[in-house]
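J.: For reference, the chains in residue letters:
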Amino acid sequence: MRVALFITCLADQFYAEAGVAAVRLLRALGVEVDFPEGQTCCGQPAFNAGHWGEARALARRTIDIFQDAEYVVLPSGSCTSMVKNHYPELLPGNREALALSGKTYELSQFLVQVLGVEKLGEGLKGRRVAYHHGCHALRELGVKEEPLLLLQNAGAELLPWEAAEECCGFGGLFSVKLPEVSLAMASRKVATLPQAEVLTSTDAGCLLHLAGRLGRLGRPLRVAPLATLLWEAYAGQS
Amino acid sequence: MRVKAKLYPKEAARLLQEKPSVRASVTGATLHFERNRLRAYGEIDAEAWRERARRIKDHVLTHLDHYLELAEKRLRENGVQVHWAEGPEEAHRLLREVVARHGVKRAVKAKSMLTEELGVNPLLESLGVEVYETDLGEYLIQLLGEPPSHIVGPAIHLSLPEIQRLFHDRFGTPLDAAPEALAQVARGVLREAFLTAELGISGANFLVAETGTLAVMENEGNIRLSTSLPRVHVAFVGIEKLLPRFQDLALFLPLTARAATGQRLATFVSLIQGSAQPGEEGPEEVHVVLVDHGRTALLADPEAWEVLRCVRCGACLNACPVYRQTGGHPYGYVYSGPIGAVLDPGLLGLEEAHPLPHASTLCGACQEACPVKIPIPKLLLAWRHRAVEQGLAPTWEKGAMRAFAQVMGSPALYRLFSKALRGLPLPQALQDHLPLLRAWTEGRGPLKPSPRPFHELWREIKEETHGG
Numbered sequence: 001m002r003v004a005l006f007i008t009c010l011a012d013q014f015y016a017e018a019g020v021a022a023v024r025l026l027r028a029l030g031v032e033v034d035f036p037e038g039q040t041c042c043g044q045p046a047f048n049a050g051h052w053g054e055a056r057a058l059a060r061r062t063i064d065i066f067q068d069a070e071y072v073v074l075p076s077g078s079c080t081s082m083v084k085n086h087y088p089e090l091l092p093g094n095r096e097a098l099a100l101s102g103k104t105y106e107l108s109q110f111l112v113q114v115l116g117v118e119k120l121g122e123g124l125k126g127r128r129v130a131y132h133h134g135c136h137a138l139r140e141l142g143v144k145e146e147p148l149l150l151l152q153n154a155g156a157e158l159l160p161w162e163a164a165e166e167c168c169g170f171g172g173l174f175s176v177k178l179p180e181v182s183l184a185m186a187s188r189k190v191a192t193l194p195q196a197e198v199l200t201s202t203d204a205g206c207l208l209h210l211a212g213r214l215g216r217l218g219r220p221l222r223v224a225p226l227a228t229l230l231w232e233a234y235a236g237q238s
Numbered sequence: 001m002r003v004k005a006k007l008y009p010k011e012a013a014r015l016l017q018e019k020p021s022v023r024a025s026v027t028g029a030t031l032h033f034e035r036n037r038l039r040a041y042g043e044i045d046a047e048a049w050r051e052r053a054r055r056i057k058d059h060v061l062t063h064l065d066h067y068l069e070l071a072e073k074r075l076r077e078n079g080v081q082v083h084w085a086e087g088p089e090e091a092h093r094l095l096r097e098v099v100a101r102h103g104v105k106r107a108v109k110a111k112s113m114l115t116e117e118l119g120v121n122p123l124l125e126s127l128g129v130e131v132y133e134t135d136l137g138e139y140l141i142q143l144l145g146e147p148p149s150h151i152v153g154p155a156i157h158l159s160l161p162e163i164q165r166l167f168h169d170r171f172g173t174p175l176d177a178a179p180e181a182l183a184q185v186a187r188g189v190l191r192e193a194f195l196t197a198e199l200g201i202s203g204a205n206f207l208v209a210e211t212g213t214l215a216v217m218e219n220e221g222n223i224r225l226s227t228s229l230p231r232v233h234v235a236f237v238g239i240e241k242l243l244p245r246f247q248d249l250a251l252f253l254p255l256t257a258r259a260a261t262g263q264r265l266a267t268f269v270s271l272i273q274g275s276a277q278p279g280e281e282g283p284e285e286v287h288v289v290l291v292d293h294g295r296t297a298l299l300a301d302p303e304a305w306e307v308l309r310c311v312r313c314g315a316c317l318n319a320c321p322v323y324r325q326t327g328g329h330p331y332g333y334v335y336s337g338p339i340g341a342v343l344d345p346g347l348l349g350l351e352e353a354h355p356l357p358h359a360s361t362l363c364g365a366c367q368e369a370c371p372v373k374i375p376i377p378k379l380l381l382a383w384r385h386r387a388v389e390q391g392l393a394p395t396w397e398k399g400a401m402r403a404f405a406q407v408m409g410s411p412a413l414y415r416l417f418s419k420a421l422r423g424l425p426l427p428q429a430l431q432d433h434l435p436l437l438r439a440w441t442e443g444r445g446p447l448k449p450s451p452r453p454f455h456e457l458w459r460e461i462k463e464e465t466h467g468g
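First to last, the sequence lines map onto chains B and Z.
Each residue of the first sequence is one higher than the one before, counting from 1 in my numbering.
Each residue of the second sequence is one higher than the one before, counting from 1 in my numbering.
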């Protein structure tokens with residue numbers, strides 16, 4: 001089985017090690033991994049802001065780049081939903097967009113739904129983990145149990161978190177267009193956050209935003225993308 | 001009301017800065033409502049109820065001409081005087097006429113968002129009529145001279161101490177009076193108003209076309225009093241409030257209650273079937289004003305019409321983490337929160353309301369809460385897109401988007417950008433000229449890119465075998 005990794009621009013720039021983790025994990029599970037080099041951004045920022053001309057151009061080139069892939073896997077719920085749900089809306093009648101939609105998965109979704117893997121190892125034994133449900137993973141992809149299952153089966157203790165399913169306030173451009181509201185939303189997440197060793201989620205954007213807020217509020221806490229933790233689940237903490 | 005939707009970003013920021021108590025009050029109350037809704041949805045096959053409600057609403061909306069004519073016919077048969085209002089002008093004309101003919105000095109009002117749209121209170125006051133909002137929350141904000149901040153809980157932004165202060169100043173109650181005592185004081189004032197008012201004004205949750213029945217839901221009993229004690233009752237009904245059959249109430253009354261407050265049914269449901277017949281008690285004269293005010297135009301808009309399914313339950317406000325930070329006032333118009341963000345541009349025009357569709361992270365919680373399955377995120381995106389098409393996006397954003405598309409459209413430029421990003425932190429002087437970057441870093445600290453981007457690391461791990 002061959003997977004083309006779509007790293008997404010945010011993870012490429014800010015959580016590069018999560019990409020390495022995803023590659024190693026997929027390979028360890030017997031999957032061949034390609035990294036089509038022309039890839040950049042899926043176009044979601046432009047789409048969400050209403051600039052659909054720009055978004056369409058980026059959608060078209062992304063579709064071209066991943067055209068030959070057997071599966072496309074992203075370490076992001078939001079970008080996965082952009083490709084899977086919004087490309088076909090943005091390019092109605094475009095068969096390639098539909099084909100790409102059908103073979104695109106968020107990483108934990110791919111592991112559980114396609115590979116049928118539910119246990120990666122025991123590398124997270126006793127680790128106290130807070131899991132933030134990225135909104136697009138949760139509500140647009142329906143990815144809810146997959147990450148929890150993989151973390152739990154690796155021995156992690158998933159901490160109850162009142163606001164786990166609430167939006168963190170990132171929202172892409174929202175975070176800088178309405179920074180005060182965005183930060184107030186992050187503060188609610190942080191205020192309810194349980195005493196965890198690590199905070200994780202599918203999405204780099206949410207994690208950047210929450211990590212920044214935790215730092216500003218003087219709450220040191222390890223923040224790691226789900227891909228990184230899933231690799232640790234398999235290989236133990238490096 | 002004065003429309004200030006354009007100022008949303010500034011007003012939201014200002015409120016968070018100047019009145020932090022609003023965030024606390026609104027967050028507490030909406031989370032409470034939201035928990036109740038989740039419990040109430042959990043007791044039923046919510047998906048089936050919502051899907052059925054959606055279909056009924058879509059049926060009415062796609063046959064609206066038929067049902068409006070049927071409703072008018074049935075209402076007249078019930079002895080109701082039916083009026084059509086395109087907007088405030090016709091509504092005001094009717095009210096002037098009623099006030100003059102009945103010598104109205106005092107009016108009691110049931111909570112109605114539509115009458116906020118139409119500016120009913122200012123009109124009546126200009127005619128010398130004393131207007132009493134009789135919903136307790138609505139009464140509070142009337143005393144304060146504020147617009148409602150929530151569709152169902154208009155005073156949701158107020159804290160108990162603020163209300164205690166208001167009643168202390170107004171009625172001389174102690175500053176630490178219990179909520180029950182304050183309610184008793186309001187009750188005393190409002191009872192007097194109910195018994196003396198010549199005119200009662202209400203909205204309606206639903207208007208059943210087949211029987212001409214107005215259905216009104218409430219928890220305080222004030223609507224029943226407002227619509228039955230005064231000699232004249234005027235009900236303002238948006239044309240989207242129609243239901244085809246009486247039996248549809250059996251779905252919509254409990255579903256709306258569950259969505260709004262988590263109740264199985266509102267404490268009081270009034271079914272109003274025309275004016276009092278000889279020997280009956282009740283208003284001698286009942287008027288129903290069917291109001292368009294932008295709704296026909298919305299109905300004709302293939303990208304926006306679904307918003308007309310709305311039953312005004314407020315569930316999307318309660319579910320919305322953006323609304324929760326500020327309540328409704330910064331939105332600057334009658335409808336706030338997610339539903340306001342997709343309704344107000346339709347009612348006011350994008351020119352006036354284009355910032356509102358951006359008052360969302362597209363988290364989708366509103367859509368899950370909505371009892372009639374309005375695809376709010378989809379509508380938000382459509383309005384944002386339209387605003388861009390109409391040239392309403394800010395200049396900086398247009399430039400930023402063009403640059404973004406150019407960089408992301410070319411792997412070579414993207415790699416250059418990647419290198420530049422690692423030149424961070426930028427000199428302070430430069431940062432000051434990058435307001436977007438500052439908007440990020442002010443609350444979250446400097447951006448910290450990975451030492452090397454993944455696309456560089458890939459070259460090293462490309463040939464790695466099994467597991468590294």
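Because the hints were derived from the structure by calculation, they are not lab data.
One or more hints might be untrue.
[Stated by the list, open to error] Below, in silico cross-link-like pairs of lysine to aspartate or glutamate (EDC-like), each with a Cα-Cα straight-line distance of 16 Å or less:
#1 B:K177 to Z:E69
#2 B:K177 to Z:E442
#3 B:K177 to Z:E463
#4 Z:K462 to B:E145
#5 Z:K462 to B:E17
#6 B:K119 to B:E96
[To be verified] Each pair of labels, with its calculated beta carbon distance range:
#7 B:L217 to Z:K378: 48 to 56 Å
#8 B:N153 to Z:R35: 53 to 61 Å
#9 B:L98 to Z:I461: 27 to 35 Å
#10 B:P220 to Z:R264: 17 to 25 Å
#11 Z:E43 to B:L217: 36 to 44 Å
Yeah, the Cβ is synthetic: ideal placement off N, Cα and C, and Gly gets one too.
J.: Run every hint past the structure and note whether it holds.
T.: Verification of the hints:
no. : hint                         : result
1   : B:K177 to Z:E69              : violated (46 Å)
2   : B:K177 to Z:E442             : holds (13 Å)
3   : B:K177 to Z:E463             : violated (42 Å)
4   : Z:K462 to B:E145             : violated (31 Å)
5   : Z:K462 to B:E17              : holds (14 Å)
6   : B:K119 to B:E96              : violated (34 Å)
7   : B:L217 to Z:K378: 48 to 56 Å : violated (35 Å)
8   : B:N153 to Z:R35: 53 to 61 Å  : violated (30 Å)
9   : B:L98 to Z:I461: 27 to 35 Å  : holds (32 Å)
10  : B:P220 to Z:R264: 17 to 25 Å : violated (47 Å)
11  : Z:E43 to B:L217: 36 to 44 Å  : holds (38 Å)
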